[in-house]
Amino acid sequence: FRLLIAYMICFIITLLLAAVTDWLENGGTLKLYADYTAADGTWRIGSGSHTVNLNGHMMSVKDDGAFKPTNNMHLTVTDGTERGQITNILLDGSQRGSFTLENGYVGNLKMTGGAVVTLKGGSVDKLDVQHCSANTNLSIQGGSIGELNIKDWADGMHVSATSGSIGAYNLP
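Here our numbering is used: the first residue of the sequence shown is 9, the next is one more, and so on.
If you're looking for bench data, these hints aren't it; they were derived computationally from the structure.
In silico PhoX-like links for lysine-lysine, alpha-carbon gap of 20 Å or less:
1) Lys76 to Lys39
2) Lys134 to Lys118
3) Lys134 to Lys159
4) Lys128 to Lys118
Estimated spans, in silico, between C-beta atoms of each pair:
5) Ser141 to Cys18: 42 to 48 Å
6) Leu24 to Leu179: 38 to 44 Å
7) Ala169 to Thr37: 23 to 29 Å
8) Asn79 to Arg10: 39 to 45 Å
9) Asp136 to Asp30: 30 to 36 Å
10) Arg104 to Gly36: 16 to 22 Å
11) Ser173 to Gly88: 19 to 25 Å
12) Thr50 to Leu11: 33 to 39 Å
13) Ser173 to Arg10: 45 to 51 Å
The beta-carbon is built from N, C-alpha and C at its ideal position, and this holds for glycine as well.
Could you build the full structure based on these sequences and the hints that come with them?
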């Protein structure tokens, strides 16, 4: 009986890894039906827009690492249950991608080198903005940020807030 359960768990993990691989290559929406821990958070993509529906589950990277969208990836995170969460995201502007949070929870979000982030809902516990450039764009249209830390400011960078809340902030 234990062997059967072990086999089923391996089968489910294999299916989950295959689904994530397909999603990275082809885009579309990845809906979680279980918590997901990645061995490597660097997401190399094929094409298309990419949406993660957390569906009340947690996404994390082994050893407290961060998800790192690359290659012009436009990532949207949503969660209809309001309980789903991603532990860490590092958005490097040199990769020319963007991140949109529609709802759900992100523990730590870091923007560097001209990254583009839009918050429409949900919550971010800590948002660090650093190594800014004229391409840096932070748009807060809803949701909440527990702590916003902007380390440096660049001519031409854009930060706007039309709705939502910020608990604490540090500006240069």
